[in-house]
Amino acid sequence: MGELTYLQAISDGLRCEMRADPRVLCMGEDVGVFGGAFKVTDGFIEEFGPDRVMDTPLAESGIVGTAVGAAVVGLRPVCEMQFADFISCAFDQLVNVAGKMHYRQGLAVPITVRLPSGGGFSGGPFHSQNPEAWFMHAPGIKVVAPSTAHDAKGLLISAIRDPNPVCFLEHKYLYRRIRGEVPEPGYTTPLSARVAREGEDLVVIAYGAMVHAALEATQDIEGARIEVLDLRSLVPLDEAAILESVARCSKVVVVDEANATCAAGAQVAALIAEHAFEDLDGPVVRVASPDVPIPFSPTLEQAVLPGAERIGEACRELLAY
Amino acid sequence: MNPPEASAQATVDVTMPQMGVSVAEGTVVQWRKRVGEWVQADETICEISTDKIDTEVPAPASGRVLEILVEVEQTVPVGTVLARLATDPGEGKGAPPPEGAAPGEPAPAVTPHPARHYSPVVQRIAAEHGIDLSRVVGTGRDGRVRKQDVLAAVDRPPAVDRPPAIDRPPAIDRPLHSESPYRPETREPGPGQPAAPPPTSNGAARPAVAEPDRPERLSRMRRSIGEHMLRSLRTAAHCTTIVEADFSSIERARRALGLSYLPLVARCTIDALREFPVMNATLEGDTLTRHGDVNLGVAVSLGDEGLIVPVVHRAQELSAEGLGRAIAELGRRARAGELSPDDVRGGTFTITNPGAFGAIAATPIISQPQIAILDLEAVVKRPVVISDESGQDAIAIRPMANLCLSWDHRALDGALAAQFLSAIKRRLEGWDGG
Numbered sequence: 340m341g342e343l344t345y346l347q348a349i350s351d352g353l354r355c356e357m358r359a360d361p362r363v364l365c366m367g368e369d370v371g372v373f374g375g376a377f378k379v380t381d382g383f384i385e386e387f388g389p390d391r392v393m394d395t396p397l398a399e400s401g402i403v404g405t406a407v408g409a410a411v412v413g414l415r416p417v418c419e420m421q422f423a424d425f426i427s428c429a430f431d432q433l434v435n436v437a438g439k440m441h442y443r444q445g446l447a448v449p450i451t452v453r454l455p456s457g458g459g460f461s462g463g464p465f466h467s468q469n470p471e472a473w474f475m476h477a478p479g480i481k482v483v484a485p486s487t488a489h490d491a492k493g494l495l496i497s498a499i500r501d502p503n504p505v506c507f508l509e510h511k512y513l514y515r516r517i518r519g520e521v522p523e524p525g526y527t528t529p530l531s532a533r534v535a536r537e538g539e540d541l542v543v544i545a546y547g548a549m550v551h552a553a554l555e556a557t558q559d560i561e562g563a564r565i566e567v568l569d570l571r572s573l574v575p576l577d578e579a580a581i582l583e584s585v586a587r588c589s590k591v592v593v594v595d596e597a598n599a600t601c602a603a604g605a606q607v608a609a610l611i612a613e614h615a616f617e618d619l620d621g622p623v624v625r626v627a628s629p630d631v632p633i634p635f636s637p638t639l640e641q642a643v644l645p646g647a648e649r650i651g652e653a654c655r656e657l658l659a660y
Numbered sequence: 103m104n105p106p107e108a109s110a111q112a113t114v115d116v117t118m119p120q121m122g123v124s125v126a127e128g129t130v131v132q133w134r135k136r137v138g139e140w141v142q143a144d145e146t147i148c149e150i151s152t153d154k155i156d157t158e159v160p161a162p163a164s165g166r167v168l169e170i171l172v173e174v175e176q177t178v179p180v181g182t183v184l185a186r187l188a189t190d191p192g193e194g195k196g197a198p199p200p201e202g203a204a205p206g207e208p209a210p211a212v213t214p215h216p217a218r219h220y221s222p223v224v225q226r227i228a229a230e231h232g233i234d235l236s237r238v239v240g241t242g243r244d245g246r247v248r249k250q251d252v253l254a255a256v257d258r259p260p261a262v263d264r265p266p267a268i269d270r271p272p273a274i275d276r277p278l279h280s281e282s283p284y285r286p287e288t289r290e291p292g293p294g295q296p297a298a299p300p301p302t303s304n305g306a307a308r309p310a311v312a313e314p315d316r317p318e319r320l321s322r323m324r325r326s327i328g329e330h331m332l333r334s335l336r337t338a339a340h341c342t343t344i345v346e347a348d349f350s351s352i353e354r355a356r357r358a359l360g361l362s363y364l365p366l367v368a369r370c371t372i373d374a375l376r377e378f379p380v381m382n383a384t385l386e387g388d389t390l391t392r393h394g395d396v397n398l399g400v401a402v403s404l405g406d407e408g409l410i411v412p413v414v415h416r417a418q419e420l421s422a423e424g425l426g427r428a429i430a431e432l433g434r435r436a437r438a439g440e441l442s443p444d445d446v447r448g449g450t451f452t453i454t455n456p457g458a459f460g461a462i463a464a465t466p467i468i469s470q471p472q473i474a475i476l477d478l479e480a481v482v483k484r485p486v487v488i489s490d491e492s493g494q495d496a497i498a499i500r501p502m503a504n505l506c507l508s509w510d511h512r513a514l515d516g517a518l519a520a521q522f523l524s525a526i527k528r529r530l531e532g533w534d535g536g
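Protein chains in written order, with this note's numbering: chain Y, 340 to 660; chain Z, 103 to 536.
Check before you lean on any hint, since a few could be wrong.
[What the hints assert, rightly or not] A few chain Z positions that, by computed beta-carbon distances, are all more than 10 Å from chain Y: (1) Thr129; (2) Ser151; (3) Arg166; (4) Val178; (5) Gly516; (6) Leu518.
[Stated by the list, open to error] Which residues of chain Y face chain Z? A few of them, derived with a C-beta cut under 8 Å, are: (7) Tyr442; (8) Phe465; (9) Ser589; (10) Glu617; (11) Asp618; (12) Leu619; (13) Asp620; (14) Gly621; (15) Ala659.
Note that these hints are calculated values from the structure, not bench results. Just so you know, these numbers come straight off a predicted model, no measurement behind them. In this text, a Cβ means the ideal position worked out from N, Cα and C, and glycines have one as well.
Pulled out of the complex, with its shape left as it was, chain Y reads as follows (with noise of 0.2 Å):
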């Protein structure tokens, strides 16, 4: 098929799965007659009918818990949240029930849901959050965050088949940004990590949006060779993959898009700290967006996201010491 948009690899993937697993269905706000918010399934009604590619009520518990029901006897629902922001009230039906439920009662919860997530294009702070790491914190639930068209249209499908509920999370910055070389068959991407740029000096690691920023960030820092580690995965997290980069680096940075405290990198860097201490050649660094809303204001919203800028100093530092 060739390139794709990150965008169009997730429609690509999405359709890959409804085309050949009959027991997938969509569903979601504007997701069929308007083909969906960011255009993901548009001319998915056309093809696979409503039965299929169902438009909601405004109602995120609705949603998560029709699929819940949906999943329990045997289909696979893919939920798109129209922003991660979201998500926060299907909160209890997604980690509360569907989170639970195979623990509580032995039945799988094959859904999908994917949250759109963060920011670079003010929208404000109901609009660009990174809501992964309160699903990391959640037993049950795998989160999963692709950087690539083809990780995007892999992780997807992957997700899709997984027996537990998984969340997507697609970056909206990337949508229409980032293009790629997408295979046209269907094919999974295991959940792990991916060495995005090799490197012995130092290691970033990043996921979705911010991997891209910490390869433009670090791609000509003179005298050093640093590598970029994809995390793709967060739950699980590719624990092994990390702890070879350290081990190979010795000095570690670990970026975050998300508000600083609690999130994704802060448990790399725990996980660094205790199973990596003997590798370490300097401080586990972190940049992350500060703990405030994310500002609608252009030059605010640079302000607190970190950039290529804030990553590159970082490494610099860390390289000096």
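Assemble chain Z onto chain Y, guided by the hints.
Here is chain Z on its own, set in the frame of chain Y:
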């Protein structure tokens, strides 16, 4: 919170000692005791250095080292608290702190500095390869040893199976020539060069096979010498004037008195300095100070370690024999590391004498802020033209030596330098036991 249990426990400060009237600061070279270790009163707790002098700091009291506040390589003013001792009366041997320890005396405030820390990975690699981290040069912030530094140290040593070191440029392998006041260093001969007889102190024969390169940080003394020399070269307008002198009279006197050449040359130089007092001077900025006393610096080689210039104060009061004794004593103390800071200060003129190793000319570097330095080179027998009393010329075999004077063109001109050298030469050649 636990109540402090130190009520029965007194603390005594170990401070940077005053080691001479002109010494304002010192550098900690090594800690002999660690935090938690017991130290007896007057036992050495650490080594320090000031300028060129190394010395040891005795513990002012018996006690346990409570904290170390100044780390190795740090330079602090005299009186700064270096460490604190906890003297515990219950421990028996602990003598009360002597009066001099003066715990009540306020010391200059210093911020506690953590001891040198190594990152976990550096410690692990060092342990695996038996690397002494204190010898690894750090390239990180504030000299911190980074992973790549310890890995470089791992890569460096044995490497027995290296190919012959053809990558070693011969130029680097050659001695620095006899540039005074450096003493030529001992080296194995390069390929094709005949093996020179090893200098006296370092006689062990070494195989002529190529050895791996070993970058090593310069010793503190070498760095200090380097800084002084470079500063002098940048400061003074160096010129070197050379005269040759007939040492026949000195040779006779030397044998009669049982002295080396140096004290006799020193005596003649002092007399010449009295004749040309402008040469016994120091130049600082635009101020030239002529000194009443001749405080004569005499370069003493410390072998591979470097060189030190102790000063014979008021040398004009000493005879040749007295100078011989004073120079010998300073040399002995220099080699034993017993010089006090004041022994190396206040020089007004310096003599260096590398001639013992056979060199015949050199352009020495002036010891700042002095304005000249005299270099005595080897005394060698040469055919010279002499004239007898009736004006008859003849060729004679005479012990000759070059006197090389480096002088500062800011302070004087070449004519004066030549006159001064001639005055020394005249005295040397006319030595009559005075």
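Checked hints:
{"no.": "1", "hint": "Thr129", "verdict": "holds, 25 Å"}
{"no.": "2", "hint": "Ser151", "verdict": "holds, 29 Å"}
{"no.": "3", "hint": "Arg166", "verdict": "holds, 30 Å"}
{"no.": "4", "hint": "Val178", "verdict": "holds, 25 Å"}
{"no.": "5", "hint": "Gly516", "verdict": "holds, 50 Å"}
{"no.": "6", "hint": "Leu518", "verdict": "holds, 53 Å"}
{"no.": "7", "hint": "Tyr442", "verdict": "violated, 38 Å"}
{"no.": "8", "hint": "Phe465", "verdict": "violated, 42 Å"}
{"no.": "9", "hint": "Ser589", "verdict": "holds, 5 Å"}
{"no.": "10", "hint": "Glu617", "verdict": "holds, 5 Å"}
{"no.": "11", "hint": "Asp618", "verdict": "holds, 5 Å"}
{"no.": "12", "hint": "Leu619", "verdict": "holds, 5 Å"}
{"no.": "13", "hint": "Asp620", "verdict": "holds, 4 Å"}
{"no.": "14", "hint": "Gly621", "verdict": "holds, 6 Å"}
{"no.": "15", "hint": "Ala659", "verdict": "holds, 6 Å"}
In terms of the numbered hints stated before, the structure departs from hints 7 and 8, listed from lowest to highest.
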